[in-house]
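J.: Here is what each chain is made of, one letter per residue.
6 protein chains.
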Amino acid sequence: MVYLTRRERFNAAHRLFRPDFTDEQNLEVFGKCSNPNWHGHNYILYVTVRGNVDPQTGFVVNLSTLSRVIRERVVDKLDHRNINLEVPFMQGRLASTENLASAIFDELREAVAALGAELYAVRIEETENNMVEFRLEK
Amino acid sequence: MVYLTRRERFNAAHRLFRPDFTDEQNLEVFGKCSNPNWHGHNYILYVTVRGNVDPQTGFVVNLSTLSRVIRERVVDKLDHRNINLEVPFMQGRLASTENLASAIFDELREAVAALGAELYAVRIEETENNMVEFRLEK
Amino acid sequence: MVYLTRRERFNAAHRLFRPDFTDEQNLEVFGKCSNPNWHGHNYILYVTVRGNVDPQTGFVVNLSTLSRVIRERVVDKLDHRNINLEVPFMQGRLASTENLASAIFDELREAVAALGAELYAVRIEETENNMVEFRLEK
Amino acid sequence: MVYLTRRERFNAAHRLFRPDFTDEQNLEVFGKCSNPNWHGHNYILYVTVRGNVDPQTGFVVNLSTLSRVIRERVVDKLDHRNINLEVPFMQGRLASTENLASAIFDELREAVAALGAELYAVRIEETENNMVEFRLEK
Amino acid sequence: MVYLTRRERFNAAHRLFRPDFTDEQNLEVFGKCSNPNWHGHNYILYVTVRGNVDPQTGFVVNLSTLSRVIRERVVDKLDHRNINLEVPFMQGRLASTENLASAIFDELREAVAALGAELYAVRIEETENNMVEFRLEK
Amino acid sequence: MVYLTRRERFNAAHRLFRPDFTDEQNLEVFGKCSNPNWHGHNYILYVTVRGNVDPQTGFVVNLSTLSRVIRERVVDKLDHRNINLEVPFMQGRLASTENLASAIFDELREAVAALGAELYAVRIEETENNMVEFRLEK
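Residue numbers (the numbering used here), protein chains in the order written: chain E, -10 to 127; chain R, -10 to 127; chain G, -10 to 127; chain H, -10 to 127; chain C, -10 to 127; chain L, -10 to 127.
I should point out that these hints are in silico values taken from the structure, not numbers from a laboratory. It is possible that part of the hints are untrue.
In silico DSS-like pairs for lysine-lysine, Cα to Cα no more than 30 angstroms straight-line [claimed, not checked]:
| no. | chain 1 | residue 1 | chain 2 | residue 2 |
| --- | --- | --- | --- | --- |
| 1 | C | K21 | C | K66 |
| 2 | G | K21 | G | K66 |
| 3 | G | K21 | L | K66 |
| 4 | H | K21 | C | K21 |
| 5 | C | K66 | R | K21 |
| 6 | E | K21 | E | K66 |
A quick note: this is a predicted structure, and the numbers were derived from the prediction, not measured.
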């Protein structure tokens, strides 16, 4: 089994908060990440697909195609955006990295299957110290 | 001459725009960086000081002290903040990386001199591809 | 299933040797890593936990809490220390990276469970070329 | 179970193409990677083995030995070489990263077993954005 | 004075050799870098310009424009190419990193001036261990 | 003027202390870096030389030769060593990174001149946050 990973990047603003909390409650639970004036990150996204190698091409999937799919479905909707306010697939969800990884997985699963591979993992590095991976159940 | 560099990090939201421009004008000049809903970055800050080595300590300056000065005067005011709205030393200035590097240089110059060294450069990596350095004139 | 990784760092001295070996025997088996005068590393530690996302917070675990637990139980006992002489959970064990990863896993397993997640992996990068991961059996 | 990873590097030229295709057909399928005049990469290779820790040494395998095996069997045959023309274990195969990872896995499997561990994964970073991993079936 | 750096990347094949040398002579002087079948690298290019900050925009130069200029004049001619055979500005020159940095500096100097800044340095990382910088004389 | 940089690495133990201080005094001035049981680092060393490009070879200096010189004169004496106890050119000096950079500069200056170039800078990264550069006076 071969695993293929494509790295993409996006810069976005976000805020961790619950609208049913006061700012004080949000501060208590989410700390400085709840700043009402937003903060932001250079998110690094790793999308891992797996499958068999096509003997015609030597590829699991064509990386140019995979990169285009990730950009069209995910990165273009996130880059230089406010995750809480502007990203369709994050509406109504807390803008945590866990939820973001899960939502990106959902956005990509069928499109990767259509390329003939299986989406295996979506990994996001929010900072150099904090990383989240949503991985296919095994 | 010995140059000593300390690396610090902060995550912040910002927007490139001029209040005397319409959103359309801002978009034309600043592109997606002008998004009214903000975006953000993991900024990496390198502060370089220079001076002679103290024979008593083997140090140009004590790095713990330098790190504390940078955090108190700069990083604590920027981290998890909105650069346009919340950072005192950026009020009334376009939130470009060039202006940010210059403003940080001004915030640190005297404090570094008080430690017995000369502030030589402030370098900011906004993304892995874009870097700005404000350097002492030579 | 969501995997959350926190990166921490520590600098330490160590030496690979068996007290029941002569220095010559240690040199033969462990090479320059057996130097009786010690050497050291900037160890990079990745702690990966897994679990379900709490719908109240969007978190698997709160990363601030996880970071505090890792620092209190592991990093504060290793940083700027001699692994052979000063680290309680490495006493009587060869100071190899394999043993260190295993010992850190043991130090953290219950504390992570108390946070409501499962400790999945402890990964240590001893140098940019050498890495060890102790992973939950599957 | 402990996983041990060794990182090695090699610089090589290659070209993606099928000899049964015209240059035009190769260009259509493989894009600029099919340039008849070759291009090249700084390949980064991660070899991961797994096994039990030897209580005598604290090692899964001796990393110096593992590094030597990887260099003799793989890196010395690839470094500063043309993958299509000069690498014995890639003859007759499309020079894709998927095929290269698979071929390196085959080159190393028995040699790692002879060291008393199991070869678990061969990971190649072709660029900072494109990575392939050939992993033992589970 | 503010220094602005843009990072770009290209993958290329090359060979160090003199056509007036035999392969044996080339091997003696250039070692494995003279392999007649080529080898290649992931080159990382840092272009540094300097100038005053435009008070209208907060920029030394617009980074999007600078990036476009670098790609059009340099990267598009190098990426996935053979430096010896296909790069116009390297014809007749030994394909060393020193010569490449110098040639890229020449390709960019006027175009950067036309943007209202001064080209200060062209830095190339050929591998993680080898870097060359061509810098404006001072 | 062309600047050529070679990166090398070494792992070593050290301790910041003055023998004329008590352990308590050393702790007050040098903090945890004065631990009598040592600690250590993965030091990264960047040696930058400058000169004209030899038209015969396209090189400022041959990087293989430069690397060999650095390893023989510097790295082999530091790697897997105790800087305070075992490194000839650090005897009688405080084992600070500033002093280490300065001493390495002295060790290399003549040898680089013998290669036909000028030693310009010695840069040491002690940790990812702390860097020192000893640079030729200008």
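J.: Now look at each hint and say whether the structure bears it out.
T.: So, going through the hints one by one against the coordinates:
The hinted pair formed by C/K21 and C/K66 meets the criterion: a straight-line CA distance of about 25 angstroms does not exceed 30 angstroms. With a CA separation close to 25 angstroms, the supplied pair G/K21 and G/K66 stays within the 30 angstroms bound. For the hint pairing G/K21 with L/K66, the CA-to-CA distance comes to about 12 angstroms; that is within 30 angstroms, so the pair holds. With a CA separation close to 26 angstroms, the supplied pair H/K21 and C/K21 stays within the 30 angstroms bound.
Proposed proximity of C/K66 and R/K21 is supported: the alpha carbons are some 28 angstroms apart, at most 30 angstroms. Note on E/K21 and E/K66: the hinted pairing holds, with a Cα-Cα distance of about 25 angstroms set against a maximum of 30 angstroms.
Hint compliance for this structure: no hint is broken.
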